[in-house]
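**Q** The task is simple: from the sequences and hints, build the whole structure.
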Amino acid sequence: MKAVFDALEGRFAGRLLGSDFFRGELTFTVAPEDFIEVATFCRDEPSLAFERLDCLVGNHFPGRRAAPFEVTAHLTSVSHTTRLRLKVTLAEGQKMPTATEVWPSANWDERETWEMYGIEFEGHPNLIRLLTTEDFKGFPLRKDFPLRGTVGGRIRTDLKGKI
Amino acid sequence: MSDSAVQFFFLLIKAILWVAVGVGMVPFIIYFERKFAGFFQSRVGPTYAGPWGSLQSFGDMAKLLSKEDLTPDTADKPVFRLAPYILFVPGFLVMALVPFGALGKDIFGYQVDLVIADFDAGVIMFLALGSIAVYGIVFAGWASNNHWSLLGGLRQGAQMISYELSMGLALVGVILVSNSLNFSEIVRGQSGNFWHWYFIPQIVSFAIFFVASIAELNRAPFDLAEAEQELVAGHLTEYSGMRWGLFQFGEYVNMVVMSAVIATLFFGGYKAPFTFLEFVPGFMWLLAKVLFFIFMYMWIRWTLPRYRYNQLMDIGWKIFLPLAIANLAVTAIIVSVV
Amino acid sequence: MGLKDIIKKAAFVEIIQGMSVTGAYFVGPKVTVEYPKEKISVWPRYRGLHALLSDPDTGRLNCCGCHLCATICPSQCIYIETSEGAVDGRKHIDTFDIDLARCIFCGFCEEVCPCAAIVMTPVYELATYDKGDFYLTKEKLLANQVNAHKELIKR
Amino acid sequence: MSGSTHDTAHPQQDHVHGAAAKPRPTIEELKARKARTRQRVVGDHETITVSMGPQHPSMHGVYQAVVDLDGEIVVRTRPGIGNLHRGVEKLAEHRTYHQFIPVTDRLDYLSSFAMNHGYCEAVETLMGVEVPARARYIRTIAHELCRLSNHILWLGVHIMDFGAQTFFLICFRDREYILDLFEMLCGARLTHSYCRIGGVSKDLPDEWAHRCLQVADFLPKRLAEYERLIKANRIFLKRAVGIGIFTADDCHAWRITGPTLRSAGVARDLRKDEPYAAYDEVDFEVAVEYNADVYDRFLVRMKEMRESCSIIRQCLENTPDGPYLADDAAHVLPLKKYVLRDAAAMVQDFVHVFKGPQVPKGEVYRAIEVPKGEMGVYIVSDGGPKPQRLHVATPSFYHGQAVPPLFEGEMIADVVGIFGSIDVVLGDTDR
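Protein chains in written order, with our numbering: chain A, 1 to 163; chain B, 1 to 338; chain C, 1 to 155; chain D, 1 to 431.
Please keep in mind that the hints were generated in silico from the structure rather than gathered at the bench. Treat the hints with care, since some could be wrong.
Far from chain C, by Cβ distances over 12 Å, these chain D residues were calculated [to be verified]:
| # | residue |
| --- | --- |
| 1 | ILE73 |
| 2 | VAL157 |
| 3 | ASP217 |
| 4 | GLU281 |
With a straight-line cut-off of 27 Å between C-alpha atoms, the simulated DSS-like cross-links for lysine-lysine are [as the list claims (entries may be wrong)]:
| # | chain 1 | residue 1 | chain 2 | residue 2 |
| --- | --- | --- | --- | --- |
| 5 | A | LYS87 | D | LYS386 |
| 6 | D | LYS361 | A | LYS87 |
| 7 | C | LYS138 | D | LYS337 |
| 8 | D | LYS303 | C | LYS9 |
| 9 | A | LYS137 | D | LYS90 |
| 10 | C | LYS37 | B | LYS318 |
| 11 | D | LYS90 | A | LYS95 |
| 12 | C | LYS9 | B | LYS318 |
| 13 | B | LYS63 | C | LYS37 |
| 14 | D | LYS238 | D | LYS31 |
| 15 | B | LYS63 | B | LYS77 |
| 16 | C | LYS4 | D | LYS238 |
| 17 | A | LYS143 | D | LYS238 |
| 18 | D | LYS361 | D | LYS386 |
| 19 | D | LYS303 | C | LYS8 |
| 20 | D | LYS238 | C | LYS9 |
| 21 | D | LYS221 | C | LYS9 |
| 22 | D | LYS90 | A | LYS143 |
| 23 | D | LYS355 | D | LYS90 |
| 24 | C | LYS91 | D | LYS336 |
| 25 | D | LYS355 | D | LYS336 |
| 26 | D | LYS303 | D | LYS272 |
| 27 | C | LYS138 | D | LYS336 |
| 28 | C | LYS39 | C | LYS131 |
| 29 | C | LYS140 | D | LYS238 |
| 30 | A | LYS2 | D | LYS361 |
Every residue gets a Cβ at the ideal spot worked out from N, C-alpha and C, and that includes glycine.
**A** Below is the structure:
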C-alpha cells in the first residue's frame, strides 16, 4: 500500500486532489481530465501493475451542490495483490473520459453508470442502455428517483432490424 | 388356386404384416427409448400411462394429434408439408428388401419366399433409398424459412454426402465376400454358426457401416441437423403437432430398418447364432438382432456428446473413406487369392 | 501419437469405458422419487409455509403485535393491524396477513420474533389453482400450527 | 504467491484418467493459436444473423447473443443482457444491512451462500466486526459446499452443451446430496440466506458433520466416475481442446476471473491471496492449467472440486467450539434463543429491526472468490442504517461482456460450449 501511495504521490504530486485510507484501502481522488493518465500510469508502471479494473461505479450525493456525482474505479493488481481506488467527482452534465481504451472491461461498467446516473463518458464506443429497456426514461440510481413505479418496458416493434 | 394368385396373396400378407410389425414397433421403441434414457440416467423414465408407462407413446400421439398444426407464414408451404413424408417413405421401401426367412419356404404346401421383394440389386436399392430420405430433412430445412432450420438442413445434406460414400464402400467388402448384391443371397452366405457371419471377416466394414448408420439415422453423436444445443431444433424448429410427430416417426422407422439391414448384412439376418438353435423361427432371430442394435443406438445416444460439423466431415472423408478403400482392397486381394 | 494410442482409439477404449458407466447406471439402483406418490420428508429447519403459534393451554395467540417481522421482512409481505384494549392488557391482533406471492421464505420473521409466535413449518406444497389462496390470513396461519415442529412450540 | 505464472515450476499434473500431462504452451503460442482463430473473420463476409437467446435452449438463462454467421463461423457477436435486471443496487439503498442479505441470494442463485458470504464479509469489513472462529469455519465449509454444488451443476450443463444429455441428470442427482446438506443446515435448498453479519444464523445441527463428511468422501468417487465417462472421450476432447482460448492478458483486460483465469496459467485465487473466513488455516492447492481453452477450464474445475472436498474434510476436523455469531450489540442481529430469554438481547433485536445497525462512515471494497470468479462488493456508508451506495461487481457480468472476443472466429457449435465454459449465470449478470 505504501509503495502504491509513494509511487502515485511521486508521479502526480500536485494533481492528486486528495487521498484517503480506510480499512486498509487506499483511495485517490483525481480530476476528470487526469483520470486516463493516472489510470494508464497505474496499469503500465511495473511497480504498480494494476492490470485489471475490478469495477467502475457511479454514485450520487444530492447534498453536494457543486459536484454531486462521483465515479469510482477499483483497480486490482494480480501480480502484487494490491488494490487501489481512483475517484473522480463530477458536476451535473460534466463529461468523463472513457476508460475503455485502458481496460476493455470498462465498457459495460460505463454503460451501466451512464444509464443509472446519466454520467456521460466521452469517447465510449457504444453508449446505449444496457440493463433497462430502450424506452426507459430517467436515471434510476439517482437518489431522487423513486423506488417503485413503472417506466418504459413496452414491447417494441419499431426496432425490428435495428438490434 | 393358381400359383401366382397364391403368391400374390402371400405377398399382400407379407407386406401388411411386415409394415404392421415395423410400424407397430415404433411406439414401443419410442417408449423404450424414453424408459432406457431414464435407466441410463438412473431415473425410472415414464411410469404413469399404462403398466410401467408402456402406453406413453400413445398418449404422446394423442397429444400431438390434438395440437395445432402450424405452418409459418413465410414458409414454402407445399414443400413444408411434403418434407415429413419424404423422410419416412424410403424407410418402408427398404423394409421390402430385408428377408425375414428363407426363400422357397414350404407353407401349407406352397413355396413362399419370406421376403417381400427378392431383389437382385437389393444393396444398391437400399443405398439409393437411403439417399432419398435426406431430402426430407433438407426440404424441411429449406422450406421452414428459418435460419436455424436452414443450417440444420445444410448440415444434414453435407453429412449425408460424406457418409453415403464410406457406407457404400464399406458394403462393397460384404458384396465381395458374399459374391452377391441380393440380401437373401448375403444371408445364405452366412449360413452356419455365428462365426460364419460377415462381421468377423468384415469387422472394419462393420465398424464403418455402424458408425455411418448412426450418422444416417441422425442420432447422437451425429445428430447435427437437430443439434438441440446449437440449432434449437434444426430442421424441426418450425414444425409442430403431428407433422413434427411424423418426423419422429420416420426417424424411428428408419432406425428399425437400419438395424434390420445391419443384422442382415453382418449378423446373419434371420439365421440363428448356432445351428442347433434353428428350431426357433428365423423371424424371431431377426427381431432379436434388430432390438439389440436399437438398444445399442440408444446406449450410444445416451452416453456420448456430439461431434462438431467440420469434425464429422473430417471423420467421414479423412478416416472412414480411406479405411473403407483399404478394407476393400484387402478384401479384394484375399477373395481373389483364396 | 504412439501405436498404443492408435490401437486404443481403434478399439474405442474410452468410449466403451464411458458406456460402461452408463451401463452400470442402467442396471443400478434408481434415484427417482415419484413425487405425488411418495414424498420426501424435510429437515426440521426447513423454511416452508408460515404458522402462527398459540399457547396450547389457553389458546391465546403468542403474537404480541410488535411489528418486528413486518419491519424486517425484505419483501414487505406481512401486514399486521393491532388494537388496544383487550382485557389482559395485551394488544389484540386484528389482522395478521402474509402475502405468499411476495414472500421469499428467508426466515427473518421467525428469527426476529421476540415471542416465538411466527414460525416456519416444513409444509412445502404451496401450489394452488387460485391466486387468492396465496393470501394467508390469521386463521389460516393459526390452523397451520399443527404442522409446526414440536421443538418450536415448546420453546 | 500469485500473478506471473508462466515461469513458476508447477508440480507434475496428476491426471487420473486419460492422456498424460500435456506440454505447457508459452503465452506466445497461445496468442498465436488465438490469432489463427481470429484470422477466420478478417475481411468481408456475407453473413446471416441469428439470435442465440434469450429463448435459445442452450443459452444459460436469458442471455442474448446476436450472432453474425458466415456459414458456421461466428463473425460478430452483439451481446444483450438486462432481461433479469431487478435493480438490486437500488433495493440495497432502501434496506438495512440485515435486510439486504436475502436479496444477495438472488444474485447468483446457483451459489447463493457464496453471495451471502461475500456481502457479509464486506459489511463486516466496513463495520469492523470480528467474526468468531467457529463461524469462520462454518462459513468455509458452507462456501466450499456451495462451490461443489455450483461446479457440479456447471459440469452437467456444460457437458450437455456438447450434446451428452445423461451427464446433466447424473450431475443433478449428485448435487442433491449437497442441497440436502444445505437444507439440513439452514432450511433452504437454493436461497440459503445463511450468513449473517458477524457469523452465521444457525449452528451446525446434530449429525450434520457426519453426513457432510460422508458426502465429502463420496463425491471424489463420483468425480472419478464423471471423468471415466467424459475426460478421455475423443468427442469431448475434439470439441474442447484448443477451443475458446483466452490468454491471461485478455483475461485481465476483460476482468475475467475464477476458473477461467486459472485455466490461463494465473495462480490467482483470493482464498490464498486475500484470505478470508478460515482459508488461511486450511491447506489446499490452487488449481491451475495452462492451455486457456475449454478443456482446461474443465480440468481446473474438476481439480477445484477435489480441493473443495479436502477443505471440507479439514474444516470439519478442526471446527472449534464456541459462539457462531459475534457478540457485538452495535452491529449484529441477536440470536433468537437470547431474544426469547434475555431482555438486553430483546432490546438489541428491536433496535436492529427498527433502526438498523450502527455503521461508521466510509467506503469499502471487499472481494471474495465465489465459484464463478471474484465477486467484489463496494459499499459506501454515510453513517446511516442503510448503505448510501452498494455495488456488487459480480463475475458473470464481466464474463458475459467478454463474449464477443471469445466467440470471434469460432464455430456456431462451439459457441455454446465456450459460453458454458466461462460459467455465466444471468441472475449474477443482470443483478
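**Q** Which hint numbers doesn't this structure obey?
**A** Violated: hints 10, 17 and 29.
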